[in-house]
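Go ahead and model the full structure; you've got the sequences and the hints to work with.
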Amino acid sequence: MDFALTEEQSAIFDMAHAFGQEHIAPFARQWESEGTIPKSLWTQIGELGLGGIYVSEDGGGSGLGRLDATLIFEALSMACPSVAAFLSIHNMCAKMLDSFADDALKARIMPDILTLNTVLSYCLTEPGSGSDAAALKTRATRSNDGYTLNGTKAFISGGGYSDAYVCMVRTGEDGPKGISTVYVPDGTPGLSFGGLEDKMGWRSQPTAQVQFDDCKIPAENLVGEEGQGFKYAMMGLDGGRLNISACSLGAAQTAMNLTLAYMRERKAFGKSIDQFQGLQFRLADMEIEMQAARVFLRQAAWKLDKGTPDASKFCAMAKTFVTETGSKVVDQCLQLHGGYGYLADYGIEKLVRDLRVHQILEGTNEIMRVITARHLLAER
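So for the sequence shown, the working numbering puts the first residue at 200; every next one is plus one.
Since the hints were derived computationally from the structure, they do not count as laboratory data.
A hint or two may mislead.
To be verified - Restraint-style ranges between C-beta atoms, simulated for each label pair:
1. P326 - H222: 34 to 42 Å
2. G389 - G234: 19 to 27 Å
3. A572 - F475: 22 to 30 Å
4. Q498 - G371: 36 to 44 Å
5. S342 - G234: 34 to 42 Å
6. G426 - Q220: 42 to 50 Å
7. R481 - L247: 49 to 57 Å
8. T563 - D484: 24 to 32 Å
9. Q479 - D257: 51 to 59 Å
10. S298 - R481: 38 to 46 Å
11. D484 - L576: 29 to 37 Å
12. V569 - K466: 46 to 54 Å
13. G394 - D311: 23 to 31 Å
14. K430 - D397: 29 to 37 Å
Claimed, not checked - Derived SDA-like pairs (lysine to any residue); straight-line CA-CA distance at most 20 Å:
15. K466 - Q452
16. K398 - F354
17. K336 - Q410
18. K505 - P225
19. K527 - Y539
20. K527 - G400
21. K415 - P384
22. K398 - I559
For each residue, glycine too, the CB sits at the ideal point set by N, CA and C.
Okay, structure coming up:
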């Protein structure tokens with residue numbers, strides 16, 4: 200059992216970290232204030248091959264594994280978890296298309312997706328179906344010309360901003376077997392968007408409802424087979440859960456680094472506050488929990504890469520543990536900054552706000568516990 204990263208994996212992490220520190224970190228607060236991310240950033244990221252991180256090399260992607268991806272998202276989230284998480288969503292969509300779309304659709308859309316000239320959004324959640332995703336109601340009615348879509352998607356990162364939307368829609372009976380996946384480019388007649396949501400965190404990501412009103416798409420925009428869309432969506436979520444966990448881990452590491460530097464300089468009662476044993480215990484607890492989270496995350500990613508039978512269980516467990524650890528660590532880092540931690544200039548309060556949603560999306564942590572328990576009972 201070898202816990203060391205390979206030279207290639209270390210180089211991947213270093214590349215993503217260096218890019219994030221140069222091109223993302225200096226602008227993260229500005230983008231949060233503006234409520235958007237410049238589209239020019241994505242093409243720069245595309246030049247690094249990060250528009251199709253685990254798209255197959257035969258399909259024009261980088262062909263990296265899920266463990267490699269967690270390194271990329273941990274590194275990028277050290278600059279800004281909101282930007283890193285948005286890239287994760289794009290890559291989840293890109294992998295779905297590479298895996299399940301037919302050759303004609305891939306030939307038409309994948310070149311621009313891989314360069315991030317086309318930025319993708321993932322549309323599963325609806326106003327009335329969150330954790331119960333299979334209850335979605337957005338309908339795609341088949342006709343001679345293709346499909347006509349009617350319904351609403353909610354909490355969509357990139358709603359009104361992205362260039363195309365990978366959407367789970369109902370083409371058949373109630374339940375998961377009646378769900379299909381379709382590709383909807385921006386500008387399609389009948390596609391519109393709600394107002395931007397005013398969120399606690401992830402404020403640089405434009406988030407809005409996506410509305411379909413007699414939105415017509417050609418039959419060629421069906422991804423894979425009718426009735427298989429829910430399976431496609433769930434297969435994408437295992438990797439998404441690992442990526443969002445990596446974003447928590449990277450942001451928590453940044454908070455820890457900032458806190459160590461602050462405590463070295465901050466004086467109280469005649470000495471720097473990092474010399475107080477009670478506070479040292481807090482630092483030790485955070486380091487222990489983060490190292491445990493990092494190992495757990497990479498084990499789950501390794502299992503997903505290997506296709507082990509318990510991979511989904513480990514992805515769910517890792518997502519729960521790592522995201523809760525990340526939020527706990529950044530909250531403690533804010534506390535150790537005292538009143539300064541509450542100020543935007545110190546960079547901690549943004550991380551507290553950004554990481555809170557990680558326990559909700561990609562499957563709430565309550566649902567992660569349900570998945571874990573189901574696997575545990577089935578194994579008995």
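Outcome of the hint check:
no.	hint	result
1	P326 - H222: 34 to 42 Å	holds, 36 Å
2	G389 - G234: 19 to 27 Å	holds, 26 Å
3	A572 - F475: 22 to 30 Å	violated, 41 Å
4	Q498 - G371: 36 to 44 Å	holds, 38 Å
5	S342 - G234: 34 to 42 Å	holds, 38 Å
6	G426 - Q220: 42 to 50 Å	holds, 45 Å
7	R481 - L247: 49 to 57 Å	violated, 37 Å
8	T563 - D484: 24 to 32 Å	holds, 26 Å
9	Q479 - D257: 51 to 59 Å	holds, 52 Å
10	S298 - R481: 38 to 46 Å	holds, 44 Å
11	D484 - L576: 29 to 37 Å	holds, 32 Å
12	V569 - K466: 46 to 54 Å	holds, 48 Å
13	G394 - D311: 23 to 31 Å	holds, 28 Å
14	K430 - D397: 29 to 37 Å	holds, 34 Å
15	K466 - Q452	violated, 23 Å
16	K398 - F354	holds, 10 Å
17	K336 - Q410	holds, 12 Å
18	K505 - P225	violated, 37 Å
19	K527 - Y539	holds, 18 Å
20	K527 - G400	holds, 16 Å
21	K415 - P384	holds, 11 Å
22	K398 - I559	holds, 13 Å
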